Amino acid sequence: MIAYIIRRLLYVIPVLLIISLISFSLMQLVPGDPAIVVAGTSASNEEIERVREQLGLNQPFHVQLLTWYANLFRGDLGTSFLLGRDVVEVTLERLPVSLSIAIYALVLTLIFGIMLGIIAALRQNSWVDQAVMTVALIGVSLPNFWLGLILIVIFAVELGWLPTAGYVPFTEDIVGWLRSTTLPAVSLAMLQMGLLARITRSTMLEVLRQDYIRTARAKGLPEHVVVGKHALKNVMIPVITVIGIIFSVLLSGSVVIETIFSIPGVGSLLGSAILRRDYPVIQGGLLLVATMLLLLNLVIDVLYAYFDSRVRYDRD
Amino acid sequence: MAGISVAALFAAAAPAMAAWECPETGGDLTFGQEAKVNSLDMHASSTISTRNVAMHIFESLMTRDETNNPILELAEAVDTSEDGLTYTFTLRDGITFHDGSDMTSADVAASFDRYSKIGVERGILSNVESWETPDDLTFVVHMSQAQPTFLEDLSSFSVPIVIIPSENAGADPLKLEPVGTGPFELVEFVADSHVKLKRFDGYKPNEAYDERTGFGGYKVACVDTVTFRIVTEPGSRVAGLETGELDAVEDVPQASVERLSSNPDIAMIPYENFWIHLATPNFEKPPTDKKLVRQAIAAALDMEEIMLVATDGAYNVNFGFQTQDRAVYSDAGKEYFNLADPEKAKALLEEAGYDGEELVLLTNRDYSTMYNAALVMSEQLQDIGMNVRVEVQDWPATIATRNKNPDAWNYHFTGWGTNTSLGYLAVFKFLAPPQPIYAMSDPEKNMDEAFNTAYTEMMNGANFEVRKEAFAEAQRVVMEDGLALPFGWLTKNQAARSNVHNFVPFRIPRMYNVWMGSTS
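As they're listed, the protein sequences go chains R and H. Heads up: the first sequence begins at 12 in my numbering, then just goes up one per residue. Heads up: the second sequence begins at 624 in my numbering, then just goes up one per residue.
These are computed hints drawn from the structure, not numbers from a lab. As the structure is a prediction and not an experimental result, all values here were calculated from the model. All C-beta atoms in this analysis are idealised placements derived from N, C-alpha and C, irrespective of residue type, glycine included. Certain hints may be false.
Partial list, derived from the structure: chain R residues whose beta carbon lies under 8 Å from chain H [as the list claims (entries may be wrong)]:
| # | residue |
| --- | --- |
| 1 | G187 |
| 2 | L189 |
| 3 | S279 |
| 4 | L286 |
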């Protein structure tokens, strides 16, 4: 297993190099000039040219690319054109914000998605099953930005229970953090919850038809033991597969949700960096997020071994 | 010094009435700002979002009053030599920075030094030869050649030469420590989240005035703190205002205006004439290379319809590149505006020999008003038989396309706000030599000579009357030759809770002389 983890970690390096090359090239190919954004729309061409020179954007593409890689190998992802701050510093500062909301949304997704899926499977074809699947379908169908705005109107404006926007760090005030992140997390989680409920339901139905479940029931085991001990562990294998995907979708969805709820996270940072062509933040931020997702996938692969005894990574 | 004292032109007479006082003091005001703040470096950033906050922290030698006239701020007088080559500023005594140090001419010189190296609009110092500081309260600027508009340029609030402590003047661009002389000082800046300011207890109001005017005058911080909270989503801003989490907001969507207007706890404060909504042509790509085609297009358009759809009703279709309250206002060129005359347009197209060449309208969705305006203009031009295509990119891409790819567009959709509010000298900046936006790649060949003659006269005219006349001529040429296609003026809706008083719309939201009452 350890050899496998080391090998996977080594694979991460070329993947990241390719990601960085693609992100660097794509942003250079997309029309738009950060110098105009920095100088402002009122700036004259002469002023824009001065800014371009200050930012090093007047250099040929290959020189900029080589400089980027040379700095990267020294651990320097550059300085944001617009914030004037170190990219690593500014991204790492925002990461806990986005991660805390994504994890909150993931917890909601897992608890409610799996629970609803199991209930629907155990009551297959009943009104309960249909009600759960209808709710799941609604969750899948609602765009999260729309849901976010509706939740603001209901829970902030009308009921006054939660704030409309803003973020309170977990480390400052746990209740404040919960209040500020609940609506964003629910907005993010609804879609994934619906998907997970549907996946859990179909997997559970399949598992419940297996011979070992029939055997367990034939032995006279109570239903909660059959489901909780024998079926659930096998249901978790495909569920774990989608957790990685769900988490990365939650993170990418945060670009929109952080904007609606005015949350200073990585999503909002990258979103505005793209709109304003802040190349160092886009390249550096993507690289850090990609690293995180690659490591997350590794963790999930390792978890397979725990849940599925057929998986043995050190034998291949 | 032998010279002409022009202090009286700028400094207001000593106030006859007692200076303004806050009816109530205290409170924490939270303002919902639509755009993110990147940096508070007022020398190196020209974005409106920076200005919104930084103009509360910093001040400059001169600024603009309520009707955009230059006024003194940190200077109490300025003398101009007869030959126009020397400006002597006398600084106000007893001004301190937020770090407690006294402001002297050495700080002014250091601020000018920094601005001349990294200031976004350092071109305004291009005719300056040197500056000196004969004593702590005197700052002298020597020009290499006379620049009649120098004091107007210096008072510009676009990217002002704000005065900073000399020890901070070595800061790299965007890395300036936000320490100034303004009525508020920085408490906390969390990018993409908020900027919190508090009252600067050492602030000395300008006693040459008895009230706030424009960005200057007698400024007082009535509230204890001001927090500029970044809320980019319009729906969230409106919701925050309704719940009271936000005390005031900018840019309320027109669709929410009616609902908010019926709320007794909220006051709508429209800021009219925020920017001129317009499209600018490209002289280098057919068919807009022909003056007759541009005139045909201008003749065809119904500006009421365009502005109504573009803004949902938040507009004025007033003619002119300056508003009627300005001394320089002129209606020269009005005969080319808002004709809505398809027959005349068709005749002009025929005379031009238009043969169905594609007309590309370059617009964006980042500013929905620009996108909507392009769609309506496209419909109106198709009605007169033109072959129109709407090209949609994001805002930075449209600017890059406009600047670098003259074969890809015919009209670029934009808005002129800051330059328009800065006055007649700035409003035609984008059409001016050496690289006007209508002829980016080959200005030598395509530049409009009639406009350039009027523009040069406007910038160098010896007195205001000469410059005013030249402005009117420049505007007439812009309209006749179709150098720009103004649709109308956009209104920016602002709103505040009813216990927020004296929040008067201006180019940026001003939080000095604003107080929060215990009741509405």
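Hold the hint about S279 (chain R) up to the distance rule: shortest CB distance to chain H must be less than 8 Å.
With a minimum Cβ separation of about 5 Å from chain H (threshold 8 Å), the hint on S279 (chain R) holds.
Are G187 (chain R) and chain H close enough, Cβ to Cβ, to be under 8 Å, as the hint says?
violated (13 Å)
Are L286 (chain R) and chain H close enough, Cβ to Cβ, to be under 8 Å, as the hint says?
With a closest approach of 7 Å, the L286 (chain R) hint holds.
Can L189 (chain R) be said to touch chain H, with a Cβ gap under 8 Å?
violated (17 Å)
Hints 1 and 2 from the list above are not met by this structure, while the remaining hints are.
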